[in-house]
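*Asks:* Input sequences plus hints: build the corresponding full structure.
From first to last, the protein sequence lines stand for chains Y and L.
The opening position of the first sequence corresponds to residue 1 in this note's numbering, with each subsequent residue numbered one higher.
The opening position of the second sequence corresponds to residue 1001 in this note's numbering, with each subsequent residue numbered one higher.
Hints in this document: simulated from the structure, not taken from any laboratory.
All values derive from a computational prediction rather than experimental measurement.
Be a bit skeptical, because a hint or two may be false.
What the hints assert, rightly or not - Using 30 Å as the maximum straight-line C-alpha spacing, the simulated DSS-like pairs for lysine-lysine come out as follows:
{"#": "1", "chain 1": "L", "residue 1": "K1018", "chain 2": "Y", "residue 2": "K204"}
{"#": "2", "chain 1": "Y", "residue 1": "K255", "chain 2": "Y", "residue 2": "K201"}
{"#": "3", "chain 1": "L", "residue 1": "K1197", "chain 2": "Y", "residue 2": "K232"}
{"#": "4", "chain 1": "Y", "residue 1": "K324", "chain 2": "Y", "residue 2": "K200"}
{"#": "5", "chain 1": "L", "residue 1": "K1254", "chain 2": "Y", "residue 2": "K232"}
{"#": "6", "chain 1": "Y", "residue 1": "K283", "chain 2": "Y", "residue 2": "K324"}
{"#": "7", "chain 1": "L", "residue 1": "K1197", "chain 2": "Y", "residue 2": "K201"}
{"#": "8", "chain 1": "Y", "residue 1": "K211", "chain 2": "Y", "residue 2": "K255"}
{"#": "9", "chain 1": "Y", "residue 1": "K232", "chain 2": "L", "residue 2": "K1018"}
{"#": "10", "chain 1": "L", "residue 1": "K1189", "chain 2": "Y", "residue 2": "K200"}
{"#": "11", "chain 1": "Y", "residue 1": "K255", "chain 2": "L", "residue 2": "K1018"}
{"#": "12", "chain 1": "L", "residue 1": "K1188", "chain 2": "Y", "residue 2": "K232"}
{"#": "13", "chain 1": "L", "residue 1": "K1018", "chain 2": "Y", "residue 2": "K211"}
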Amino acid sequence: MSNRRVLTGNHFMNGDIATAEGAMAARIGFFAGYPITPSTEVAERLARRMPEVGDTFIQMEDELASMAAIIGGSLAGKRSMTATSGPGISLMMENLGLAAMMEAPCVVVNIQRGGPSTGLPTLAGQSDIMQARWGSHGDYRIIAYSPWSPQEAFDLTVLSFNMADRYRVPTLLLADEVIGHMVERVVIPEESEIEHWERKKPTKPPNGRFKPFEALDDDLVPPIAHAGEGYKVHFTGLTHDERGYPDMTPDTHQKLVTRLVEKIRVNADDIIRTEDYQLDDAKIVLISFGCTARSARRAVRDAREQGIPVGLLRMISIWPFPKKIIKELASNADTFIVAEMNLGQMSREVERHVSQPVVGVNHAGGEMISPEKILKAIKEVAGDV
Amino acid sequence: MSEMIVVQDHPLDNIIRKDRMPHIWCPGCGIGIVMRAYATAIQETGIPLDQHVVVSGIGCTGRVAGYMDIDSYHSTHGRALPFATGIKLGNPDLTVTVISGDGDLASIGGNHLIHAARRNIDLKVICVNNFNYGMTGGQVGPTTPTGAFGTTAPYGNPELPFNLPFLLAASGANYVSRWTTMHIREMKKEFLYTYSKPGFTFTEIISPCPIGFGKSNNIDTGLEEMELYRRRCELVRPGELPLDDLDINLIEDKPIYVGRFVDRDNPPFSPAKPKEEK
Ligand SMILES: Cc1ncc(C[n+]2csc(CCOP(=O)(O)OP(=O)(O)O)c2C)c(N)n1
Ligand code: SF4
Ligand SMILES: [Mg+2]
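*Replies:* See the structure below:
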């Protein structure tokens, strides 16, 4: 194919391939995965591409193993990723919790299909929104981005690696089958233009006891030392102190878990990405993400032509939730509409933050919600049926 | 002012996290013996300690990782092998040892075990087999001999156990051996040998668990349990016995065979590389 790491230039590619190329551009070093529709092309592309530049691709025996392996790869110092869908992401939840607990940076791609269970293997869903946020047991936070185009799949994969490293947190690329399989133009920039954020490393050479869980900076992110760097680190999924040593006491647990959660909260402004469309004077605020946002934007355009004051907030990041932005919009809006390919997961979250009515435009999955269906909801809300 | 009393240095001081002592293991437990043999062996490998990594799963044996003063990782139940696979592939220069229990490696991690062996990935596995789930209080597991008792088998274990050497040999490991915690010298020597052996190596150590296994099976102490195993031990040379004869049967008066059963040099896993273009 090419032994270049970054395929600078104009391409036509689907979202899965763009995700794989985003990972290449982000200097992924290790991929472990297990095939599942509709994410398989990510693995297939990387199986070919990574060895070309000397990186390691491995197909594991299942998703439990894949997720465990990328934590290992990450803690050995490599940017690491896996890719999966519904049934596979459910299996990964076990060790996603471990990655959160060990603060192991990694990228987990979920090309969503219709669930629950085996559901709709070849058709889209957006119904893993809450699972992404709450899927493993215990309190923790992750970051999640949801692309609405193959171009954005590329861009957000790069961003996901950067965020994962900056905040020592598993970061999910929460795409959907429509985006994964849609072929569009993707522009890959020059290698020098691709941002690369480094992990925070220890400032002193290894003598004495380095504390890989001691967060001294305001961002609450501790520096990380990798296997083989001489720091004799200990990582455990048990509740641990700043040295990484197990310490199963309520105080240590409170301190650790609170920091895992706060780490994302205090940095939310840096993490969150949204896009406004016609929001300035909007009395009706439409919220959408991923493939559904494409229909939503069209619906807003059509509604505006009919004089309805509606605008779109496209959520590019899904988690953390853009609480502040929604609250600001609420100061001027009469109604919120949330369009999503599930039975109301994000509208439930919006409802928690606004006092206005929240109207859902939903479909359980399998086909895109049409612009007409969203437009109809907008018109109903505007009292203009 | 109080004066510091300096006790004599322990030969393993530089490799054990003293700041984590005392350990959690019960009196009479065999895991400490295995850890000591491992710690002694890796100091003699000639590989710098900062290139040694230890990975454990969950269980009493899983706690070994937390006591070794090297880069050490205590993963989730059953996932030590895939986790270690990631570390090894993330940095192939490292020497990665997996130390975990029979339940962790062969039950919840059983799928990973056979696949890691099939790949013949360069991991050194030490499996502490105490015939039960020690950590959770003595339930039966995949290695519990038929008829033995456990808290979840009050009428005796109705199932057949794994013959681990047979399983690992069939799966593709380059090296398979079995010892008991009485074989202190052999254990260390064999551990050391595995570090000179590329590919997947698997060393099973039969170990006393007086609190978990002993309690349900009328064995009062760790020493008594060790004695029981020692009496049955028979050393076999590679190829001397068919591997499917290595079953452990505690009800009938059958020997526990120990020794090095598999020692071969199949190529270890190495990540794919593109074919050179002609
Ligand atoms: C997913 C999951 N299931 C169950 C447990 C509870 N658990 C902890 S240790 C253990 C068994 C360990 O047995 P073994 O691997 O033989 O180690 P030993 O304690 O005997 O050394 C179990 C079932 C767990 N920690 N995680
Ligand atoms: S329960 Fe058994 S294996 Fe666990 S520490 Fe006690 S004796 Fe050892
Ligand atoms: Mg056990």
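*Asks:* Now tell me, hint by hint, if it's right for this structure.
*Replies:* Against the structure, the hints:
At roughly 22 Å between alpha-carbon atoms, K1018/L and K204/Y fall within 30 Å of each other, so this suggested pair holds. Using a Cα cut-off of 30 Å, the hinted pair K255/Y and K201/Y holds, with the two alpha carbons roughly 22 Å apart. At most 30 Å may separate the alpha-carbon atoms for a hinted pair to count; K1197/L and K232/Y meet this at roughly 25 Å. For the hint pairing K324/Y with K200/Y, the CA-to-CA distance comes to about 28 Å; that is within 30 Å, so the pair holds.
Taking the CA atoms of K1254/L and K232/Y, the gap is near 44 Å; set against the 30 Å cutoff, the hint is violated. For the hint pairing K283/Y with K324/Y, the CA-to-CA distance comes to about 18 Å; that is within 30 Å, so the pair holds. Under the criterion of a C-alpha separation no larger than 30 Å, the hint pairing K1197/L with K201/Y is inconsistent with the structure, at around 34 Å. For a cut-off of 30 Å, the pair hint linking K211/Y to K255/Y stands: about 15 Å separates their Cα positions.
About 13 Å separates the Cα atoms of K232/Y and K1018/L, which keeps this hinted pair within 30 Å; it holds. In summary, the hint linking K1189/L to K200/Y is not supported, as the alpha carbons are separated by about 41 Å, beyond the 30 Å threshold. Annotation: proposed proximity of K255/Y to K1018/L holds, straight-line Cα distance about 24 Å (limit 30 Å). For the proposed pair K1188/L and K232/Y, the alpha carbon gap of about 23 Å is at most 30 Å, so the pair holds.
Simply put, K1018/L and K211/Y have alpha-carbon atoms about 16 Å apart, close enough for the 30 Å limit, and the pair holds.
The structure fails to meet hints 5, 7, 10 from the earlier list, while all remaining hints are met.
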